[in-house]
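K.L.:
Given these sequences and hints, build the entire structure.
Chains as they are written, first to last, in the numbering used here: chain L, 26 to 346; chain D, 46 to 301.
Result set (SDA-like, lysine to any residue): computed pairs, CA atoms no more than 20 Å apart in a straight line: (1) 105(L) / 294(D); (2) 112(L) / 142(D); (3) 149(L) / 57(D); (4) 61(D) / 132(L); (5) 61(D) / 170(L); (6) 112(L) / 138(D); (7) 61(D) / 165(L); (8) 149(L) / 189(L); (9) 105(L) / 141(D); (10) 167(D) / 74(D); (11) 112(L) / 189(L); (12) 112(L) / 141(D); (13) 105(L) / 291(D); (14) 218(L) / 157(L); (15) 112(L) / 101(L); (16) 105(L) / 283(D); (17) 218(L) / 61(L); (18) 105(L) / 296(D); (19) 105(L) / 138(D); (20) 89(D) / 164(D); (21) 112(L) / 64(L); (22) 61(D) / 50(D); (23) 105(L) / 286(D); (24) 61(D) / 166(L); (25) 61(D) / 125(D); (26) 89(D) / 259(D); (27) 149(L) / 54(D); (28) 89(D) / 229(D); (29) 218(L) / 190(L); (30) 89(D) / 228(D); (31) 112(L) / 49(D); (32) 105(L) / 139(D); (33) 61(D) / 124(L); (34) 218(L) / 158(L); (35) 218(L) / 230(L); (36) 167(D) / 179(D); (37) 218(L) / 154(L); (38) 105(L) / 133(D); (39) 61(D) / 127(L).
Derived from the structure by calculation, the hints contain no laboratory data.
The model shown is predicted, which means the values in this text are computed figures rather than measured ones.
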Amino acid sequence: MAVVEAVDLRRTYRTSTGTFRRRTLEVEAVRGVSFEIREGELFGLLGPNGAGKTTTIKMLITLLIPTSGTARVLGHDVVKDAREVRKRIGYVFGGDRGLYERLSALDNLRYFAELYAVDPARQKRRIAELLELVGLTGRERERVEGYSRGMRQRLHIARGLLHDPPVVFLDEPTIGVDPVGARELRATIESLKDAGKTVLLTTHYMFEADALCDRVAVIARGRILAEGTPDDLKATVADRTVVEIEAYGVSEAAVERLRRVPGVESVAVEEREHAQLLLVQSPQGLELTRALLQEVDGEVGRVAAREPTLEDAYVALVTER
Amino acid sequence: MTYLRIFWTGWFFQLKNLTRSGLFVFTSLVEPLIISTLSFYMFKAGHRPGTLFYAALGAGVLGIWSSTLFGSGGAISWQRWQGTLELLVAAPPPLIAIVVPLAIATSTIGMYSLTATLLWGKFAFGIPFHLVHPLLFAVAVPAAVVGLGLFGLLIASTFVLYRAANALANMLEFPIALVCGVMVPLSILPGWSNPIGWVLAPTWGVRAIKRAALGGDAVTPILMCVGLGAVYVVLGAYFIRIMERRAMQRATLSLT
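P.N.:
Printed below as a string of structure tokens:
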């Protein structure tokens with residue numbers, strides 16, 4: 026049985042522009058998204074910023090009413106049975122907002138424990154368990170305003186699990202967290218799966234999705250472009266080679282020229298601190314390095330060819346369609 | 046039982062949160078002192094003996110009203126800014142059960158104002174603090190706090206939808222204080238304004254406190270205050286349900 030079920034979900038936002046002559050614009054954030062998540066599965070929704078991930082998750086957790094389409098969580102409709110859905114889900118948003126900063130972690134957790142009707146006799150023990158799980162034991166009486174971003178994020182996770190929900194929604198939980206903190210958070214997310222929870226995770230960190238998710242769906246411009254296991258997605262680019270070119274000061278025009286080199290399937294640019302990393306995908310066996318380097322107008326650093334990863338599959342999906 | 050627990054926990058939690066806000070407490074303490082100082086001199090200039098305690102009580106209730114309006118009006122905006130509004134909406138209890146303790150917590154903070162004003166009056170202006178009905182005063186103050194808080198809830202219920210609605214709250218402070226007879230007796234206001242005051246809890250709250258302190262029937266205004274509070278809860282619940290749904294349709298619960 027599907028624990029989470031989205032059928033042709035659509036969501037349009039209305040915004041207006043102009044001061045005197047106001048114009049109403051309609052933005053289609055989600056355009057017919059359908060997927061299912063099975064019991065105990067960790068499902069990843071991957072996509073770039075503005076792809077529709079958060080809008081989709083907000084519809085599923087009853088915070089946004091879909092423009093059309095339906096969604097059910099544990100058999101309950103997210104619009105008609107919103108209260109029943111709310112009792113059974115936990116959710117965690119990324120970022121450091123969403124906490125009562127002037128109060129302690131313990132105050133925050135006690136309050137939400139009450140809102141989620143956690144049995145008063147069990148509250149103390151449950152809060153202690155969760156503080157232990159997220160590694161905040163000993164810091165729970167400090168004001169949240171003094172917490173690091175990683176600590177806040179872990180507190181968010183503890184809050185989302187207070188009532189031991191069978192379904193957990195995690196919206197970019199590691200965003201902005203330092204590498205060590207993010208690794209600890211991933212371990213916590215993995216433990217949710219081990220505890221039998223059904224988890225929907227949105228992220229744009231592909232290694233995170235690869236390491237954690239049983240299945241993933243790639244979403245861009247409000248549509249699901251592909252769905253399957255991380256290996257299924259990797260298989261879509263298995264016949265390709267990725268050439269990585271570290272360069273300095275490459276122009277937009279040069280990137281465009283690279284895209285037009287015969288045989289090039291896709292070009293992605295990652296901005297590094299002082300350099301750019303150009304990721305060029307091409308069919309395996311086709312030697313393009315020399316042709317590519319001729320088009321790069323900046324200074325070139327390291328050049329390497331490698332096997333495609335999930336991230337390359339994702340880049341191919343998002344940029345080629 | 047669950048709702049009662051949500052009420053007490055929520056009230057205590059929000060009260061604790063508000064008392065940690067230096068700005069909120071400072072405003073609750075300082076503004077009434079300025080208002081009360083002005084009114085002491087005005088009443089003194091009017092050469093009406095025995096009215097200074099009346100002015101002190103009025104200034105104290107104005108403090109409760111100000112912190113209620115500032116608190117309830119701003120509460121939804123603050124929750125939205127700090128990203129907790131979505132968490133409260135997405136929690137299983139109806140939003141009204143979460144907002145009622147929040148609104149009453151903001152009016153409870155106004156107790157600082159009442160206390161500060163009366164102490165200021167006693168020590169700075171030598172106004173004797175003598176209560177005609179001390180027991181009724183002990184009932185009238187919490188009744189006024191609850192009545193005013195629930196009126197704040199009614200105002201806050203509209204703020205779920207509008208992101209900049211707390212600007213409206215600032216405009217309401219003195220007109221409502223005036224029409225409710227907080228600072229000056231209703232008898233000196235034009236007759237047409239009296240029916241407006243009758244449906245507003247601050248009218249009965251200030252009347253209950255003044256009569257309990259200075260003499261007169263305090264029971265009727267106490268009952269009116271609580272009764273109107275109950276009406277506000279029913280109306281607030283209705284408005285909040287509508288506003289919550291609209292906010293979910295228009296995506297105005299969060300800033301992102």
